[in-house]
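Trainee: Below, each chain spelled out in residue letters.
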Amino acid sequence: MKKYDKVVLVLLLLVFGVGIFMTARNALSTYVTFAEAKATTRAVQVKGSAVAGTLEELDDDRYVFLMEDSNGEVVRVVAGGQAPDNLFEAESVVAKGKYDGEDFLAQNILVKCPSKYEAEEHPAEVQK
Amino acid sequence: MIKPLRWVKQGLAIWRKDLQIEFRTRYTYSALVMFAVTTLVTVSFAIGGFTADVEITAALLWIILFFSAMAGLARTFVAEEETGTVTALKMAAQPEPVYLGKYLFNVTILCSLALLVVPLFIMLLNISIVLPLAFCAVVLLGTLGLAGASTILAAIVSKAGAKNSLLTVLAFPVLLPLLITAISATRAALGGGLAAEVRSHLLTLFFYNGVAVVASLLLFEYVWNE
Amino acid sequence: MLNQVAVKNLSKFYQQRKLFTDVSLTVPDQSVLVVLGPNGAGKTTFLRILCGLTPATAGKVEITINGQILTPEERRAQLGLVTPELELYGELTAVENLEFFARVRELPFSRQQARELLEFVGLKGRGHDFVHTYSSGMKQRLKYAYALLHQPHILILDEPTTNLDEAGVALVDSVIRRQRERGIVIMATNEPEEVAYGDQTFTLG
Amino acid sequence: MFWQIILGIWMSAVIVASFLYMPSTQGLGEMGRIIVYHVPAAWIAVAAYLMAMLNSLGYLRQNKLQLDRQAQINAELGTVFCLLATVTGAIWSRGAWGQYWNWDPRQTSITVLLMIYAAYFVLRSAIPDAERRARLAAVYAILAFLTVPFLVFIAPRVYVSLHPDLINVQNRSFAMDRKMLVVFLASLLGFTGLYAWMYNVQLRLENLLAAAAMKRREYDG
Chain A
0 MKKYDKVVLV LLLLVFGVGI FMTARNALST YVTFAEAKAT TRAVQVKGSA
50 VAGTLEELDD DRYVFLMEDS NGEVVRVVAG GQAPDNLFEA ESVVAKGKYD
100 GEDFLAQNIL VKCPSKYEAE EHPAEVQK
Chain B
0 MIKPLRWVKQ GLAIWRKDLQ IEFRTRYTYS ALVMFAVTTL VTVSFAIGGF
50 TADVEITAAL LWIILFFSAM AGLARTFVAE EETGTVTALK MAAQPEPVYL
100 GKYLFNVTIL CSLALLVVPL FIMLLNISIV LPLAFCAVVL LGTLGLAGAS
150 TILAAIVSKA GAKNSLLTVL AFPVLLPLLI TAISATRAAL GGGLAAEVRS
200 HLLTLFFYNG VAVVASLLLF EYVWNE
Chain C
0 MLNQVAVKNL SKFYQQRKLF TDVSLTVPDQ SVLVVLGPNG AGKTTFLRIL
50 CGLTPATAGK VEITINGQIL TPEERRAQLG LVTPELELYG ELTAVENLEF
100 FARVRELPFS RQQARELLEF VGLKGRGHDF VHTYSSGMKQ RLKYAYALLH
150 QPHILILDEP TTNLDEAGVA LVDSVIRRQR ERGIVIMATN EPEEVAYGDQ
200 TFTLG
Chain D
0 MFWQIILGIW MSAVIVASFL YMPSTQGLGE MGRIIVYHVP AAWIAVAAYL
50 MAMLNSLGYL RQNKLQLDRQ AQINAELGTV FCLLATVTGA IWSRGAWGQY
100 WNWDPRQTSI TVLLMIYAAY FVLRSAIPDA ERRARLAAVY AILAFLTVPF
150 LVFIAPRVYV SLHPDLINVQ NRSFAMDRKM LVVFLASLLG FTGLYAWMYN
200 VQLRLENLLA AAAMKRREYD G
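Chains as they are written, first to last, in numbering that gives the first Met the number 0: chain A, 0 to 127; chain B, 0 to 225; chain C, 0 to 204; chain D, 0 to 220.
Just chain A, same shape as in the assembly (with noise of 0.2 Å):
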């Protein structure tokens, strides 16, 4: 293969490599909003944040709680097992599951840490 085959074959090879890099973002985005988890039949993960003070306990292990998602609707979610201790201070909430009337029905319940590598406020350092 001659220099001038090589250059074209990889300035290709890089075309096709922006190319899966561009598509493969939209493509396995699986995030979704409530309106277009309500739009599908399909087993979806909802991202949003939890409304805070919104949690009940609907029986031994099963919760309740508002959720909002990026477009400001607000849901009921429901979910089995004990609720993440930090649902509330979380960065972000996902929701996987489906609707089922018009609660949200999560099979599971994931939390993101909030990832500021910031120094736990104390009282102390707060003043100065």
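If you're looking for bench data, these hints aren't it; they were derived computationally from the structure. A virtual CB, placed ideally from N, CA and C, is assigned to each residue, including glycine. A few of these clues could be false.
Beyond 10 Å from chain D on every Cβ pair, some chain C residues (computed) [said to hold, decoys possible]: (1) 16; (2) 30; (3) 147.
Have a look at the derived ranges for each label pair, beta carbon to beta carbon [stated by the list, open to error]: (4) C:7 / D:8: 53 to 63 Å; (5) A:51 / D:191: 40 to 50 Å; (6) D:2 / A:5: 52 to 62 Å; (7) C:107 / B:45: 56 to 66 Å; (8) A:5 / C:27: 31 to 41 Å; (9) C:7 / D:180: 55 to 65 Å; (10) B:46 / D:208: 50 to 60 Å; (11) B:195 / D:2: 36 to 46 Å; (12) D:206 / A:6: 50 to 60 Å; (13) C:164 / B:123: 56 to 66 Å; (14) C:123 / B:164: 42 to 52 Å.
Guided by the hints, dock chains B, C and D onto chain A, whose structure is given.
Mentor: Quick look at chains B, C and D alone, frame taken from chain A:
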């Protein structure tokens, strides 16, 4: 741009020769088909008339296609190496046409496997397809991608003494992005995903194919002329 | 020199074992080089390096045709190889084999030409049999048809008369004589009758 | 010898500082201290893998076995640091998410990364001849590395991941407390030194082994 045309022309001669031999021995195709059909029948029997979740069936289809491909695709290079025809071919052909010819042969084998296996899969596992056209496109692009990346790996395996199951070990990490995307796209096509979602999956598969074939063309001469 | 094969400081190590080091020689046009050496001295490897089938550890091979040093890609058209390790496709007939190699080399192919070539190597009437039905001597004859198909300028032969009967040896004799008139022959052998063809000899190991 | 002692003192200082000088983290609490070990290990792993690929490219261009040895050592060191990152990550995950392993996209992609290089070592062990091994392994390393951008940079960012981001994706800033940053950078420098030292030792060893094998063949005839 004359050279790529010449590569394709010589590649087609190699493709034709391999098909001629395959028609006479039917070795590769029967190995692939036996593997795929055995797996399908076993799973269908285990499920026993129920319909499995889309998530499971989509993954299942690609697991079957992946492992069938691994069972047969190394054959075309290993046979050349074992029978000593590789020297005759090397003296006559440049590396790039050899890659193209073997790639086309593997594409032909895998596509005809898919033509047999996918209808069986739909019948045996009771599947209804929401987006049939998208489903066909996913199967086609996914199969092409399997052939595109594993052809050069098959050549590596044949030079490494055709050790058992080496192809599967080498191919899995390289094919994983393809498999993940193909499974998501199949799931969307089977279970009624959003059309836009399927479209960007298809584009990813298309670009993956491009990367696999171009990278193989660039690297093949180093494998072929060891 | 318009046509020649020049080997410059060639060395080859295989699995950290030294096969040969610093081999330099020149084969002029219209001559025969015979490579000698005991088993395992690297004769076959030396020929493979000449053909570009195996990379050298150090040094290089320059093949000049019409005053031009050939690139590895151009070498294919000028080299014909017959060695015991080379085999043709058993699942194809002799004619199909020749047709395939003609197509890959982008040469025009006619049944007539294939028939003539097969007749020349003594396989008349067997062109449409599968190669795997051939005896080892017939396979050796077919290899000469394969090697002469594209009328190469340089013929490289490893143990040229392996498996051949008397008629076969006569065929090899005429091939070598003809090739010496129009080009170069490089062969590896330890048979005294074949060593006699050599315009120069080189001993490896 | 001088540099090894400096490196030993430096790393010890980093370890002490990570517990005594560095403050605990908002939200993560004491668990945040692992960032001093986990992130540099991961970065060095990716850097070593990148070097392995560059060495492989170099080998295909120049055919020097020295480059193949460098590629092998970089792949080995990459794997060592990758394992360290995986283990520290799993320990942290136990504290933060309640499980050592839950197939978070980061964990998935690092597993595949380890599998790629496991396959690379399997391929190497399958080929006895040094030159053939070097060639085929180099081709595989380059092919496999084409999937690394996908695994390391795309997959964890687009899948829903619970992994904390060092670089804040939303406002594209690098947010870290100043004391924490000092210890973190010191640790990164220490890890880099550790990598350079291990690389150097390994390379000298491999070169000696290769030379010894060659000598032995010569004496054996």
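Trainee: Does each hint fit the structure? Answer for all of them.
Mentor: Comparing the hints with the structure gives:
Residue placement check: residue 16 (chain C) does not keep its beta carbon more than 10 Å from all beta carbons of chain D (closest about 5 Å). At roughly 31 Å from the closest C-beta of chain D, the C-beta of residue 30 (chain C) stays outside 10 Å, upholding its exclusion from the interface. Listed as outside the interface, residue 147 (chain C) is consistent with that label: its C-beta sits roughly 31 Å from the nearest C-beta of chain D, beyond the 10 Å cut-off. For the pair residue 7 (chain C) and residue 8 (chain D), the supplied restraint of 53 to 63 Å holds, since their beta-carbon distance comes to about 55 Å.
Between residue 51 (chain A) and residue 191 (chain D) the beta carbon distance is about 44 Å. The supplied range of 40 to 50 Å therefore holds. At roughly 41 Å, the beta carbons of residue 2 (chain D) and residue 5 (chain A) sit outside the given window of 52 to 62 Å. Residue 107 (chain C) and residue 45 (chain B) have their C-beta atoms about 58 Å apart, which keeps the hinted 56 to 66 Å range intact. Against the hinted window of 31 to 41 Å, the Cβ-Cβ separation of residue 5 (chain A) and residue 27 (chain C) comes to about 35 Å, which satisfies the hint.
Against the hinted window of 55 to 65 Å, the Cβ-Cβ separation of residue 7 (chain C) and residue 180 (chain D) comes to about 59 Å, which satisfies the hint. For the pair residue 46 (chain B) and residue 208 (chain D), the beta carbons lie near 55 Å from each other, so the given range of 50 to 60 Å is met. For the pair residue 195 (chain B) and residue 2 (chain D), the beta carbons lie near 57 Å from each other, so the given range of 36 to 46 Å is not met. A C-beta distance of roughly 34 Å is found between residue 206 (chain D) and residue 6 (chain A), which places it outside the suggested range of 50 to 60 Å.
For the hinted restraint 56 to 66 Å between residue 164 (chain C) and residue 123 (chain B), the CB-CB distance of approximately 59 Å keeps it satisfied. Range check, residue 123 (chain C) to residue 164 (chain B): Cβ separation about 47 Å, and the 42 to 52 Å hint holds.
Going down the numbered hints, you'll see the structure goes against 1, 6, 11 and 12, while the others check out.
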